[in-house]
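What the sequence shown shows, in UniProt numbering, is residues 1 to 242, in sequence order.
Mixed in with the good hints, there may be bad ones.
Said to hold, decoys possible - Between beta-carbon pairs, the in silico distance windows are:
(1) 149 <-> 61: 17 to 25 Å
(2) 163 <-> 79: 25 to 33 Å
(3) 204 <-> 73: 24 to 32 Å
(4) 212 <-> 59: 25 to 33 Å
(5) 204 <-> 1: 33 to 41 Å
(6) 116 <-> 60: 34 to 42 Å
(7) 207 <-> 116: 23 to 31 Å
For the record, the hints were derived by calculation from the structure and aren't laboratory data.
Bear in mind the structure is a predicted one, so any value in this text is a computation, not a measurement.
Idealized CB from N, CA, C, for every residue including glycine.
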Amino acid sequence: MVKVCCFDLDGTLLPMDMEAFVRHYLEELAPHVAHLLSPDRLVSLIWDATKAMIENDNPDSTNEEVFQRRFLSQSGLKREEIWPLFERFYREHFPKLKAYVQPTPLSRQVVEAALERGYRVIVATNPVFPRDAIWERIRWGRVEDLIDWATVYEETHYCKPNPKYYQEIIHRLGVQPEECVMIGNDMQEDMVAKTVGMKTYFLKDCRIDRGDPAYRPDQEGSLSELLEDIRCGQGVFSRKVG
Numbered sequence: 001m002v003k004v005c006c007f008d009l010d011g012t013l014l015p016m017d018m019e020a021f022v023r024h025y026l027e028e029l030a031p032h033v034a035h036l037l038s039p040d041r042l043v044s045l046i047w048d049a050t051k052a053m054i055e056n057d058n059p060d061s062t063n064e065e066v067f068q069r070r071f072l073s074q075s076g077l078k079r080e081e082i083w084p085l086f087e088r089f090y091r092e093h094f095p096k097l098k099a100y101v102q103p104t105p106l107s108r109q110v111v112e113a114a115l116e117r118g119y120r121v122i123v124a125t126n127p128v129f130p131r132d133a134i135w136e137r138i139r140w141g142r143v144e145d146l147i148d149w150a151t152v153y154e155e156t157h158y159c160k161p162n163p164k165y166y167q168e169i170i171h172r173l174g175v176q177p178e179e180c181v182m183i184g185n186d187m188q189e190d191m192v193a194k195t196v197g198m199k200t201y202f203l204k205d206c207r208i209d210r211g212d213p214a215y216r217p218d219q220e221g222s223l224s225e226l227l228e229d230i231r232c233g234q235g236v237f238s239r240k241v242g
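Build the full structure now, drawing on both the sequences and the hints.
Structure, rendered in structure tokens:
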């Protein structure tokens, strides 16, 4: 019986063109550190450090620690030189990026429907961003008051599509894999949850599918179909909790 709904964020609870959003994000960030790094150098360093996070398999380092260690070693900068600038950007300027997403009232309706059926609801977004940036995007989706917990890079040790990311969630929640359903729009990053025993729901809105590897989700549909499936107890949502 499913007890927990794990929602992806970008492209799932928060409809967006992820590639376009990341491009705007980097363009907005660059001027704030331009006296230290050229835009091209900054982008190169961020992608390199992000790759290090995604490839990390060491349970002793959080994603934040992996990213910071790699970024600083490759840039030659000290933490106190640049990190306060990043933190200020996320506090003061990141919220302006809301202009590049397409929030929908369906997101709140979906989460409310899950809660009404007794499910615990978490945001299982790829934790490659700091807490401030992730919770800001959760607010854009208008579900911040409904979410029990979200994966952020300060607390987690793995990234999608590493199956250990999902195992860490299961351990954190104290549940069995089959008691969770992973709902997301990315075939490779979200549906890989099936390999650790989670149920999966592939969201067709904003879908991302790179072709390989391919997984067979337990269920799929649009956001409006997901809402109906939860409300009516269809498929993986067929048994009410409690």
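- [ ] Against the earlier hints, flag every one the structure doesn't satisfy and list their numbers going up.
- [x] Violated hints (numbers, rising): 3 and 5; every other hint is consistent with the structure.
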